[in-house]
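Asks: Here is how the chains run, residue by residue.
2 protein chains.
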Amino acid sequence: MSLLVTGSIGIDTVESPAGKVVDALGGSSIYFAYASSFFTPVRLVGVVGDDCPPDFLTPLHDNPNIDLGGLEVREGSKTFRWHGKYRDDINERDTVSVDLNVLAEEGPTIPHAFCDSEYVFLANTHPDLQLEMLSQLHGPKFVACDTMDLWIDTECESLMNLLAKVDAVILNDAEAKQLTGETNVVKAGLELGKVVKQYVVIKKGEHGSLLFADGDVYVTIGYPAEHVVDPTGAGDSFAGGLMGYLAAKDASDVSAMRTAMAYGTAVASLELEDFSLNRLIGLSRADIDERLAKIAAIAGFDL
Amino acid sequence: MSLLVTGSIGIDTVESPAGKVVDALGGSSIYFAYASSFFTPVRLVGVVGDDCPPDFLTPLHDNPNIDLGGLEVREGSKTFRWHGKYRDDINERDTVSVDLNVLAEEGPTIPHAFCDSEYVFLANTHPDLQLEMLSQLHGPKFVACDTMDLWIDTECESLMNLLAKVDAVILNDAEAKQLTGETNVVKAGLELGKVVKQYVVIKKGEHGSLLFADGDVYVTIGYPAEHVVDPTGAGDSFAGGLMGYLAAKDASDVSAMRTAMAYGTAVASLELEDFSLNRLIGLSRADIDERLAKIAAIAGFDL
Numbered sequence: 026m027s028l029l030v031t032g033s034i035g036i037d038t039v040e041s042p043a044g045k046v047v048d049a050l051g052g053s054s055i056y057f058a059y060a061s062s063f064f065t066p067v068r069l070v071g072v073v074g075d076d077c078p079p080d081f082l083t084p085l086h087d088n089p090n091i092d093l094g095g096l097e098v099r100e101g102s103k104t105f106r107w108h109g110k111y112r113d114d115i116n117e118r119d120t121v122s123v124d125l126n127v128l129a130e131e132g133p134t135i136p137h138a139f140c141d142s143e144y145v146f147l148a149n150t151h152p153d154l155q156l157e158m159l160s161q162l163h164g165p166k167f168v169a170c171d172t173m174d175l176w177i178d179t180e181c182e183s184l185m186n187l188l189a190k191v192d193a194v195i196l197n198d199a200e201a202k203q204l205t206g207e208t209n210v211v212k213a214g215l216e217l218g219k220v221v222k223q224y225v226v227i228k229k230g231e232h233g234s235l236l237f238a239d240g241d242v243y244v245t246i247g248y249p250a251e252h253v254v255d256p257t258g259a260g261d262s263f264a265g266g267l268m269g270y271l272a273a274k275d276a277s278d279v280s281a282m283r284t285a286m287a288y289g290t291a292v293a294s295l296e297l298e299d300f301s302l303n304r305l306i307g308l309s310r311a312d313i314d315e316r317l318a319k320i321a322a323i324a325g326f327d328l
Numbered sequence: 026m027s028l029l030v031t032g033s034i035g036i037d038t039v040e041s042p043a044g045k046v047v048d049a050l051g052g053s054s055i056y057f058a059y060a061s062s063f064f065t066p067v068r069l070v071g072v073v074g075d076d077c078p079p080d081f082l083t084p085l086h087d088n089p090n091i092d093l094g095g096l097e098v099r100e101g102s103k104t105f106r107w108h109g110k111y112r113d114d115i116n117e118r119d120t121v122s123v124d125l126n127v128l129a130e131e132g133p134t135i136p137h138a139f140c141d142s143e144y145v146f147l148a149n150t151h152p153d154l155q156l157e158m159l160s161q162l163h164g165p166k167f168v169a170c171d172t173m174d175l176w177i178d179t180e181c182e183s184l185m186n187l188l189a190k191v192d193a194v195i196l197n198d199a200e201a202k203q204l205t206g207e208t209n210v211v212k213a214g215l216e217l218g219k220v221v222k223q224y225v226v227i228k229k230g231e232h233g234s235l236l237f238a239d240g241d242v243y244v245t246i247g248y249p250a251e252h253v254v255d256p257t258g259a260g261d262s263f264a265g266g267l268m269g270y271l272a273a274k275d276a277s278d279v280s281a282m283r284t285a286m287a288y289g290t291a292v293a294s295l296e297l298e299d300f301s302l303n304r305l306i307g308l309s310r311a312d313i314d315e316r317l318a319k320i321a322a323i324a325g326f327d328l
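In order, the protein sequence lines correspond to chains A and B. Heads up, the first sequence is in the numbering used here, so the first residue is 26 and it goes up one at a time. Heads up, the second sequence is in the numbering used here, so the first residue is 26 and it goes up one at a time.
Among the hints, a few may not be true.
[What the hints assert, rightly or not] Here are a few chain A residues that face chain B, going by a calculated C-beta distance under 10 angstroms:
no.: 1; residue: Phe-139
no.: 2; residue: Leu-159
no.: 3; residue: Gln-161
no.: 4; residue: Lys-229
no.: 5; residue: His-232
no.: 6; residue: Asp-241
no.: 7; residue: Gly-247
no.: 8; residue: Ala-321
no.: 9; residue: Ala-322
no.: 10; residue: Leu-328
[As the list claims (entries may be wrong)] Okay, derived cross-link-like pairs now, DSS-like style, lysine-lysine, Cα gap no bigger than 25 angstroms in a straight line:
no.: 11; chain 1: B; residue 1: Lys-110; chain 2: A; residue 2: Lys-212
no.: 12; chain 1: A; residue 1: Lys-212; chain 2: B; residue 2: Lys-319
no.: 13; chain 1: A; residue 1: Lys-110; chain 2: B; residue 2: Lys-219
no.: 14; chain 1: B; residue 1: Lys-110; chain 2: B; residue 2: Lys-45
no.: 15; chain 1: A; residue 1: Lys-222; chain 2: A; residue 2: Lys-202
no.: 16; chain 1: A; residue 1: Lys-190; chain 2: A; residue 2: Lys-202
no.: 17; chain 1: B; residue 1: Lys-190; chain 2: A; residue 2: Lys-229
no.: 18; chain 1: B; residue 1: Lys-229; chain 2: A; residue 2: Lys-319
no.: 19; chain 1: A; residue 1: Lys-319; chain 2: A; residue 2: Lys-229
no.: 20; chain 1: B; residue 1: Lys-190; chain 2: B; residue 2: Lys-166
no.: 21; chain 1: B; residue 1: Lys-202; chain 2: A; residue 2: Lys-229
no.: 22; chain 1: B; residue 1: Lys-212; chain 2: B; residue 2: Lys-222
no.: 23; chain 1: B; residue 1: Lys-166; chain 2: B; residue 2: Lys-202
no.: 24; chain 1: B; residue 1: Lys-110; chain 2: A; residue 2: Lys-202
no.: 25; chain 1: B; residue 1: Lys-229; chain 2: A; residue 2: Lys-229
no.: 26; chain 1: B; residue 1: Lys-229; chain 2: A; residue 2: Lys-202
no.: 27; chain 1: B; residue 1: Lys-212; chain 2: B; residue 2: Lys-190
no.: 28; chain 1: B; residue 1: Lys-45; chain 2: A; residue 2: Lys-319
no.: 29; chain 1: B; residue 1: Lys-110; chain 2: B; residue 2: Lys-190
no.: 30; chain 1: A; residue 1: Lys-166; chain 2: A; residue 2: Lys-202
no.: 31; chain 1: A; residue 1: Lys-212; chain 2: B; residue 2: Lys-229
no.: 32; chain 1: B; residue 1: Lys-319; chain 2: A; residue 2: Lys-229
If you are wondering where the hints come from, they were derived from the structure by calculation, not from laboratory data. Here the structure is a predicted model, which means the values were calculated and not measured. We treat Cβ as the ideally placed atom computed from N, Cα and C, and that holds for glycine.
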């Protein structure tokens, strides 16, 4: 089934204990699209400025499963830039600088050819913009969104309005707690479950993820990664693996969601082994399946 | 097979967002013994002072699977006391006061009748004392120990000496990182795996636990607990469930360890639902098995 992602495209500079990359390909829609492309064709909607180097998006152009028909190069605008630095404990990072640039302008238009998309991921941006994107689509089957602390702080009403319209929200544990005022992540997930149409997915980084469905809670382990080079994009890669699997299978029941979360974990655990898309480029679906099998093998136990 | 635990017995005062208990039964050996008693008979070795109220240990006396033959009531000494207060985020706590009392004196003697114990848990105390306890035993089959930040800071050489003599160390993630100087918990576990004879078990609280065996890593989910009343003793209950299962099965291969960790998770997830031993008292093995089945059910996914 058709899968669409709207989100940021960024020129990232990332420093981690493992090294540094300057002006690397990044952004939520980029990681999502590449991760989901292992499962199904994906349509990308996003905007860059005219400062974007011509070969910057080559890895996406080279990927036959990524349709860049929704990519807008906006004249006179500048591409979103982010510079982050991870600490020795790679779970902590500081933002060195951020230039919203084109992300602070009006959003992209979804091309007519994409408006019939059935599976949709609205990556993190202003919730009003996410709502506007959603309104351009012709009755999608399954819509998931992400958000961030900034919108929880400043645009809570719009955000709640958006959440009531989506089938699933995929967010991290700190965001879920902030949004609900709960200190217990399970309570936070159950609370959010009353707002969205179906599912709440809470990402806990190295500690795995939780799925809330109909008042029940399911747990996916975190992959025990020994070599983490750059966690940037792991959350969007998780969402990409998850949504890519659902779209490919054309299913969104609880059983499909649980397998989808394990696939999300598999892709994300590979993605963070190198900077930018470096680790994902050149991987095959078989590599993802191999990681998934490993996750299943290390998580099980005999009753 | 016979199981022995040596560790603290405490008079605890605990405050949490859910309420407060004053002068309640606590201590590492108490939680361990009660948790393991669902699986197998357990021998407890520990010391209290003559200030210990006569009916304080009634829940243990009433438990036919707990042998208090190694309990010493030391004249002229006072029982260990601890007062802790959990914050609104129950993962954080402050120590209000701690009186080591009898724990700062010489350790208990292991009764002759207990020296043939085959499965042994050396709960957290000074590593020299743990080594001395171990030396009193006649060739146990499987020995696990715990430790804490204080000994890692001040008695690192003794601690490393102890670790080289035990089959397994069961400790939390912060301790594993502190002990190895690693910021990555997987690296820390693999590093410690080179020191102990067989296994490293790293507890991550609500985020589950990791097993390191022969360079491989296995993951057990944390139980998604919505109602946490008092996490005190959860770590020792985890160890009790784990060791109780191994002793009952008389096995310590990797497969047994993985099931044992899930059992530890099951018991600990019940223990924290009330203060002190309140939740464990009155439970049956069937209740533990029911929680184990739930853990298996929420952790799995279809490949």
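Asks: Which hint numbers does the structure go against, in order from smallest to largest?
Replies: The structure conflicts with hints 1, 2, 3, 13, 17, 23, 28, 29, 30, although it agrees with all the remaining ones.
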